[in-house]
Amino acid sequence: MAAALINVPKRAKRGDVIEIKTLMSHIMETGFRHSTTGEPIPRDIITNFVCSYNGVEIFRADLYPAIAANPFITFFTVATESGKIEFKWTGDNGYSETASAAIAVE
Amino acid sequence: MNGAAITRALSAGALAISFTIIAASAAEMAPGERKSGYDFMTRDTQGMQDDDTVNPGMLWVLDGEALWNRKAGTAGKACADCHVDARTSMKGVAARYPAFDAARGRPLNLEQRVNLCRSERQQASVFRYESRELLALTAFIGRQSRGAVVEPPSDERLKPFIAAGREMFMQRQGQLNLSCANCHDDNWSKKLAGAVIPQAHPTGYPLYRLEWQGLGSLQRRLRNCLVGMRANAYDFGAPEYVDLELYLMTRARGMPVETPAVRP
Amino acid sequence: MNERNRITGTTRRQFLAAGVGVASILAVRPASATPEAMAAAIRQIVGGATVRPGKVKLDIPPLVENGNTVSLTVSVASPMTPDNHVTSIHVFNEKNPQPNVASFHLGPRAGRASVSTRIRLADSQTVIAIARMNDGSLWSDKIDVIVTLAACVEELI
Numbered sequence: 000m001a002a003a004l005i006n007v008p009k010r011a012k013r014g015d016v017i018e019i020k021t022l023m024s025h026i027m028e029t030g031f032r033h034s035t036t037g038e039p040i041p042r043d044i045i046t047n048f049v050c051s052y053n054g055v056e057i058f059r060a061d062l063y064p065a066i067a068a069n070p071f072i073t074f075f076t077v078a079t080e081s082g083k084i085e086f087k088w089t090g091d092n093g094y095s096e097t098a099s100a101a102i103a104v105e
Numbered sequence: 000m001n002g003a004a005i006t007r008a009l010s011a012g013a014l015a016i017s018f019t020i021i022a023a024s025a026a027e028m029a030p031g032e033r034k035s036g037y038d039f040m041t042r043d044t045q046g047m048q049d050d051d052t053v054n055p056g057m058l059w060v061l062d063g064e065a066l067w068n069r070k071a072g073t074a075g076k077a078c079a080d081c082h083v084d085a086r087t088s089m090k091g092v093a094a095r096y097p098a099f100d101a102a103r104g105r106p107l108n109l110e111q112r113v114n115l116c117r118s119e120r121q122q123a124s125v126f127r128y129e130s131r132e133l134l135a136l137t138a139f140i141g142r143q144s145r146g147a148v149v150e151p152p153s154d155e156r157l158k159p160f161i162a163a164g165r166e167m168f169m170q171r172q173g174q175l176n177l178s179c180a181n182c183h184d185d186n187w188s189k190k191l192a193g194a195v196i197p198q199a200h201p202t203g204y205p206l207y208r209l210e211w212q213g214l215g216s217l218q219r220r221l222r223n224c225l226v227g228m229r230a231n232a233y234d235f236g237a238p239e240y241v242d243l244e245l246y247l248m249t250r251a252r253g254m255p256v257e258t259p260a261v262r263p
Numbered sequence: 000m001n002e003r004n005r006i007t008g009t010t011r012r013q014f015l016a017a018g019v020g021v022a023s024i025l026a027v028r029p030a031s032a033t034p035e036a037m038a039a040a041i042r043q044i045v046g047g048a049t050v051r052p053g054k055v056k057l058d059i060p061p062l063v064e065n066g067n068t069v070s071l072t073v074s075v076a077s078p079m080t081p082d083n084h085v086t087s088i089h090v091f092n093e094k095n096p097q098p099n100v101a102s103f104h105l106g107p108r109a110g111r112a113s114v115s116t117r118i119r120l121a122d123s124q125t126v127i128a129i130a131r132m133n134d135g136s137l138w139s140d141k142i143d144v145i146v147t148l149a150a151c152v153e154e155l156i
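From first to last, the protein sequence lines stand for chains A, B and C.
Mapped onto numbering that gives the first Met the number 0, the consecutive letters of the first sequence carry residue numbers 0 to 105.
Mapped onto numbering that gives the first Met the number 0, the consecutive letters of the second sequence carry residue numbers 0 to 263.
Mapped onto numbering that gives the first Met the number 0, the consecutive letters of the third sequence carry residue numbers 0 to 156.
Everything labelled a hint here was simulated from the structure, so no lab data went into it.
Computed from a predicted model, the values in this text were never measured in an experiment.
Do not take every clue at face value.
[Unchecked claim] As a list, the in silico DSSO-like pairs of lysine-lysine whose alpha-carbon atoms are at most 27 Å apart:
| no. | chain 1 | residue 1 | chain 2 | residue 2 |
| --- | --- | --- | --- | --- |
| 1 | A | K87 | A | K20 |
| 2 | A | K9 | A | K83 |
| 3 | C | K56 | C | K141 |
| 4 | C | K56 | A | K20 |
| 5 | B | K76 | B | K90 |
| 6 | A | K87 | C | K54 |
| 7 | B | K70 | B | K90 |
| 8 | B | K158 | B | K90 |
| 9 | A | K20 | C | K54 |
Work out the full structure, taking the sequences as your base and the hints as a guide.
This is how it looks when you write it as structure tokens:
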């Protein structure tokens, strides 16, 4: 189970600047903590986030352990054409999740 | 604030208020005086709760919705196969739990009620307390009551359990010899080691606590306070907690459900 | 087996095991990143170029309730046209174990140069945001944050 919460307007006028909000389930274990027995708790974070609009990358983020659990990222883009906005989160231990949202631009 | 922080604050003498001179109060709070924990938070934290598109608790609600529709157990049934659309069937349900269960002769909280359907209706294994699944389902069910007012059942059979919960709330306990009421009835709105003491209303659970960096149940919150008081923290699911939950719900009667709330 | 265990179907043993799992994570204060470490991390991204104050606006609530989750917004004054736009925004902090917080890569298609996220702050400290423009110039803003409850302190349940 790993839900992502994506907020993209369903429709927009061509040229509108729209806000995209994303929340992804992830513990973001920093790698700087230790158990009582002194063993380090290994790092387990999302390191990369990419957003593409009809196949073209429009936004990218490199994340570090200082990003809070359940990473929240919002940004803007210009509504250019109808289609699909895709999201991809990748990280430690082969972590990879995707989500997408449709947008109608008139 | 976590339990350890409460203890630290108390033992370091960093208290702005002296608990030792305050007699355990028997006075109930007047309805007009009641405030949700929400009212004591910063604007920024309130904003996180107000907007579903930025509220991390909604991640669990989404997981809960998926689980609601997933077939499980030897019965091969999903919750949705019997309860259909949770938006109607579960509306207001969380606002009236814990509720009396005749078969067991005592109140059950929502977590136990869900697990009852898991074992008896789905014939599946029950979910562990604080497991992602149980939190997700109770968050999803609780979300269907958002805005509904807390309305504990007016069931005669609940009376002794409410009384037991109230006694536990008023009674001094633990190495620090504090009662819940010392903080939450008599000293709410005062500061304790950086945190404002709220009135202890159970209206937002399960909720996303920034301290936990995740969702947690009301029982987890109660354990945090008990540990802070250096009192006996019961096992999850203990009847003592359910009684206390029940008392907190009667104390919050008429307040709106906020699930999934956000707290510091 | 008492009644409650029958209801939940979970044994006391399991509960204890679960409890120990949580409790074994201890509040350990790791070595902090230093102002020098932050300067080094910044150098790695900007090279030898000068970073000027201005154009960038870093927003963090003045008082933070819990360092585990701190809202942060960086906005840059830019028309975001093909000729004049922000190409990246970098956020650093001086007292977390590692100075890097996040880097965001954007372009004229953003329409507006503004990003928000939530970060962890282990202590009261200075946070810096730096924006790189397409002409190579670098701009920054910094803010001092007071944290009442630090991040990374796992409660002992």
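Hint check:
For the given pair, K87(A) sits about 13 Å from K20(A) by alpha-carbon distance, which is consistent with the 27 Å threshold. For a cut-off of 27 Å, the pair hint linking K9(A) to K83(A) stands: about 11 Å separates their Cα positions. Proximity of K56(C) to K141(C) is assessed by CA-CA distance (about 8 Å); at most 27 Å being required, the pair is judged to hold. Under the criterion of a C-alpha separation no larger than 27 Å, the hint pairing K56(C) with K20(A) is consistent with the structure, at around 20 Å.
Of the supplied pair hints, the one linking K76(B) and K90(B) holds, its CA atoms being roughly 21 Å apart against a limit of 27 Å. With a C-alpha separation of about 30 Å, the suggested pairing of K87(A) with K54(C) is violated against the 27 Å cut-off. For the hint linking K70(B) to K90(B), the alpha-carbon distance of about 22 Å falls within 27 Å, and the restraint holds. With a CA separation close to 25 Å, the supplied pair K158(B) and K90(B) stays within the 27 Å bound.
A C-alpha spacing of about 24 Å is found between K20(A) and K54(C), which places the hinted pair at or below 27 Å, so the restraint holds.
Checked against the numbered hints above, the structure violates only hint 6.
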